[in-house]
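**Q** Below, each chain spelled out in residue letters.
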Amino acid sequence: MILNNIYELRWKVLPPAAGVAMIGMAALALITAPTEVVEGDVQRLLYVHLPSALASYFAFSVTAVCSVLFLLKRDFKWDSAAQGAAIVGLIFTLLTLMTGSLWGKPIWGVYWQWDPRITTTLILFLIFSAYLIARKSTSLDSDKSARFCSIYAIIGFLDIPLIHMSVRWWRTLHPQPIIAKLNPALPDEMLLVTLVSVLAVILVAAWFITLGIETELLSQRLLKLKAIGKANISEKS
Amino acid sequence: MQDLAIETNRLTRRYDGLPALNRVSIQITSGSRIALLGNNGSGKTTLLTILSTLLQSSEGSATILGYDVAKKSTALRNMIGFIRHQPMLYENFSPVEDLELFAKIYRVSDAREQIRRLLTNVGIWHLRDEAIGTFSRGQKQRLMIAKALLHKPKVLLLDEPEIGLDQSGLRVLDELILMRKEEDSSPITVLAATHREERVDTWATGFVRLERGQIIETTLSENTE
Amino acid sequence: MSEVGFLFAGFAVFWAGMFTYLVILQVRIRNLQNQVDMLENTIENHDEI
Amino acid sequence: MTFTTQLEIGLKLFNANLKQAWRDKTNWMTAGMFAITALLLYSFAFNLTGGLVRNLLPGVIWTVFLFSGIFATAQSFQQDRQNGILDALKISPIHPMTIYIAKTLTNILMLLLIEFALLLGATILFSEPLFIPQLLLIVTIGTIGYTALSTLLSAINLDRNNGGLLLPVLALPLLVPLLIASVEATSASLQEEANTAPWILLLSLFTIWSAAIATLMFPLAD
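Residue numbers (my numbering), protein chains in the order written: chain R, 1069 to 1305; chain G, 13 to 237; chain E, 11 to 59; chain H, -14 to 207.
Treat the hints with care, since some could be wrong.
[Claimed, not checked] Partial chain H-side listing against chain G, Cβ under 7 Å, derived:
1. I(-6)
2. A1
3. D9
4. I76
5. S77
[Said to hold, decoys possible] Below, in silico cross-link-like pairs of lysine-lysine (DSS-like), each with a Cα-Cα straight-line distance of 27 Å or less:
6. K83/G / K1145/R
7. K4/H / K116/G
8. K1145/R / K1204/R
Worth flagging that the hints you see were computed from the coordinates, not collected in a lab. C-beta atoms are modelled at their ideal positions from N, C-alpha and C, and glycine is treated no differently.
Make a model of the complete structure from these sequences and hints.
**A** Spelled out as structure tokens, the structure:
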């Protein structure tokens, strides 16, 4: 009940909060945050890269949780929610990979590095793309397909730790050129800016997810209405 | 007040939003033989498939002998026999091999004797060691009759059981299911979809007529809603 | 490309990506809502007749 | 029903599956032929006649196994579905888990047959000692791991025409840990001082994970 009431407030709270937080984040990241000593200004990409990555994990967690709820309750609104969140997750995964590449080029000299975290993110992208392809290629109200895709989303989500672990072992047990990647503890100011930006992007992600859910729910409703319309017409004839 | 064998309450199933079965409520008493009538696409198969536990309803509920169909319990499945449009047989097995496997699954006692009796009754005992894939449609249908009766179900769901059967095959169907003499005290309940309306009077104790997923005519007492 | 160039590119991609997605979503929702309203209207009128 | 009756029925069903696979071999013959053809193509593409075979062979072997294995398991419920047997089993008092386990075991057995034969052939073709106990163990664990997942995914027909192509797209990203672990374990087992332990550990971990999760999930897919 309380949860429902909170969810009702989404249109009043989320857009302005996300908007303010995003503007604050841009100002903080580009102006207030100190320039990093080794990497220089380009390090400021951290403030969009890291939050995007966290937002994508957040969205995929929503997909997994909604999939579990769908399997338990067999209510199609959870299936819609899982799909809506999966799309948002994919968008943020894509943003993570792109900002990461643009950050990597000046620092590492290459756009792409087979780093465990990057590689895991890419595989995550493949898994949830496959999920969406499978779900979208079948009828919206097909319970078989919804169940199957829910199961797939749960398995895919639970696979993440294993993927990350295997890729890390794969990289570390191979001899490879050492690339300078300094990761000293962030100074306080940077930490603060990072926290703000994470908050901002998570808010945006939450807003997007609610919008995504809304589109999926509307599509379902439309399907039902069309069916009723068809039935009415055939009754008249 | 007789026991209810099959009861559905506002049973609904939608495909792509379109209802194939629309709020169907029926009550069938134990031991009755009900014909399910209607044109193609009227929802007969959907109703039978939901009752067989193969398909899930979109809304509403159904119980067979008091067991909720959606729960798919083992006890319920032991009591249902189902013959649907397409045969359900291992194509590269012989009838005996197929039935022996399912006798095991349904834990039929004296399986060997049962199989011999049933195959003889449906008239394909001489084909017992041939591959099912070489059978004609009518022979497969006879085998399906034997398979559906193998575990002595209390409720039989039949979807156009006459398919492919010749005159003697139809007689087999009548003798074994539709007009069979009760051997034991617990009567068998039959719900059979059929297009042969002229034969319905000879075996059915009642009928339900569906059109566009809804009941338009029935001899069953109306469900109190 | 200079360091600042990469920084700019990164931020541009990020903001552009989010804005585009937001616009796409809003358009889709509006379209769907319109269709739903239209159908609901016709179905209501249909019933009255 | 109790566990022992399920076990008994499961064995019967496994037996029936094997009998069915044996009588209608086309599916498995196709998988075997696909594996052989792929192996040959790889040897042309990577010029596996040279001296670098040992470095490339593990990757070649495992991609061949995964592709042929997944294409074969994608079909594994197909015949049962067309015959109506899958539906006959679903309305019977058998537990869905038993149906799944019996089918998975059949697939594992058939795939191991193909894979061991292929290893034997590759031993001759590339004059590398591939038919060694350690490698056979690795292949067995890996096959159990990927078959458990791909059999689960093949159980549902998504009512679409390109379902055959969809399954590899769904299964392969999930199998990245398995591919990494099995390739590394294989190449370690081909070295003089083999240290396969960590990779076999990772491989076993994935296999246990996938078998457990697939077994638990299958009844929900029904």
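**Q** Please go over all the hints and tell whether each is borne out by the structure.
**A** Status of the hints after comparison with the structure:
1. I(-6): holds (5 Å)
2. A1: holds (5 Å)
3. D9: holds (5 Å)
4. I76: holds (5 Å)
5. S77: holds (5 Å)
6. K83/G / K1145/R: holds (22 Å)
7. K4/H / K116/G: Holds, because 16 Å separates the two Cα atoms, which is no more than 27 Å.
8. K1145/R / K1204/R: holds (15 Å)
Of the numbered hints listed earlier, not one is contradicted by the structure.
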